[in-house]
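As given, the protein sequences belong to chains A and B, one line each in that order. For the first sequence, this note's numbering assigns the number 1 to the initial residue and increments by one for each residue that follows. For the second sequence, this note's numbering assigns the number 1 to the initial residue and increments by one for each residue that follows.
In case anyone wonders, no lab produced these hints; they're calculated from the structure. Check each hint, because a few of them may be wrong.
As the list claims (entries may be wrong) - Covered, in the sense of this in silico footprint (three residues per stretch, anywhere, with C-beta under 8 Å from a C-beta of chain A), are these stretches of chain B:
no., segment
1, 117-131
2, 179-186
Unchecked claim - According to the in silico footprint, chain B covers these stretches of chain A (three or more CB under 8 Å from chain B):
no., segment
3, 21-27
4, 30-42
5, 72-81
6, 144-155
No experiment lies behind these values; they were computed from the predicted model shown. Glycine included, every Cβ here is placed at the ideal spot set by N, Cα and C.
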Amino acid sequence: MTIHPIPQVDLNTVVGLVKVVEDVGGREDVYRLAREVNYEFGQILQVIKAAEILGLVDTPGGDVAVTDLGRKVLKSSILKRKELIREQIRKLPIFGSVLQMLQRTEEGRADRDVFLEAFALFLPEEDSERLLETVIDWGRYAELVGYNDDSEEVYLNP
Amino acid sequence: MGEEPRIQAPLLEFDGVSYSYEGEGHHAVVLDGFNLTIQEGEFVCLVGPSGCGKTTILRLISGLLRPRAGAVRYRGEPLLGVNLHTAMVFQSFALLPWLSVRANVELALEARGVGRDDRVKRAETYVDKVGLDGYEAAYPRELSRGMKQRVGLARALAVEPELLLMDEPFSALDALSSANLRDEVLLLWQDESFPGNSVLMVTHIVEEAVAMADRVVVLTSHPARVAADIRIDLERPRSRRDPRFIEVTDQIFSLIV
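Using the sequences and the accompanying hints, generate a full structural model.
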């Protein structure tokens, strides 16, 4: 099993980034963008990376440029946006791995520690807790997985 | 028969409204002979310096405060109690931490006397509408600020208010999340299935008001007065780089400073 990490950012900021870049003509210098939205450079890079793996922006030569898909998302209703982004999230390898782990369990649910351990083993340089939080957040958004905070279990979205 | 044809009353009207806070040894006049009218279907933004009485105005509209003098009229009738035609989105989200997303939305409906089956159905509808499908069982502590404010929005919309009140709804969010939420609130408002179609939003960010509103009402403080009432005729979505956007933004800044 291989697990690829995802940037630990909120999807609201990802779509917000696409919106802000589109508002200034669809392409912007990364440094200037960071200044405009009052983000630290490292922070904005994470958001850009997330938008890039979701296919919403490209990063040609130090700039951020909105892709056709990014533009399509902005022109869509809230539900359609969710549908488009959901399709992108479903393609990310980390969700393939997480779903596979859940499908191997009897009831399609597993303790959070199972994932923390797997992330720690395969991605020792990542903060497992934060990565799991993001996986749960994006997984909920994509309606792939749910999480019960009382029993601390991740489950397959029925 | 015998009914005289009348001009339809505005949705909301402040007619010579005065309000002051009385404390031990001090007396702060917030509003003094304040006038403001909002028509049905308008998206109005109130901008002004902090402490200029914007929140007091929202509380008078929701019926949580009563004017000391003058009248607040809703569809021509003086407001005498809680205004059930309005719902509020708060800056601080105001969610109950021990309740799930779904339960937070349902609670607002329960408080308005909506029956159980209808509550469940409506909560589901509005959670879905604001893009929170999949988060129903989450607790507020598990959500980002942007997602929390979506819950705040779902809760207010589920009440199906005629007039949606928003008190600095994006000011607790970072610039990117707020850009997204602003955009999505406009999408909701422009959608035919938006319950009610009138919005009154308080903000201290001039660009935000110009980006969103049909009318920007600029207030001065102590006591609050309308310094200008500016119609924004630019088509949406609006670009901050549009010279007309910049012009009207500068005009409003010059009134505030």
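Kindly indicate which numbered hints from before are broken by the structure, ordering the numbers from low to high. Checked against the structure, no hint fails, so every one of them is satisfied.
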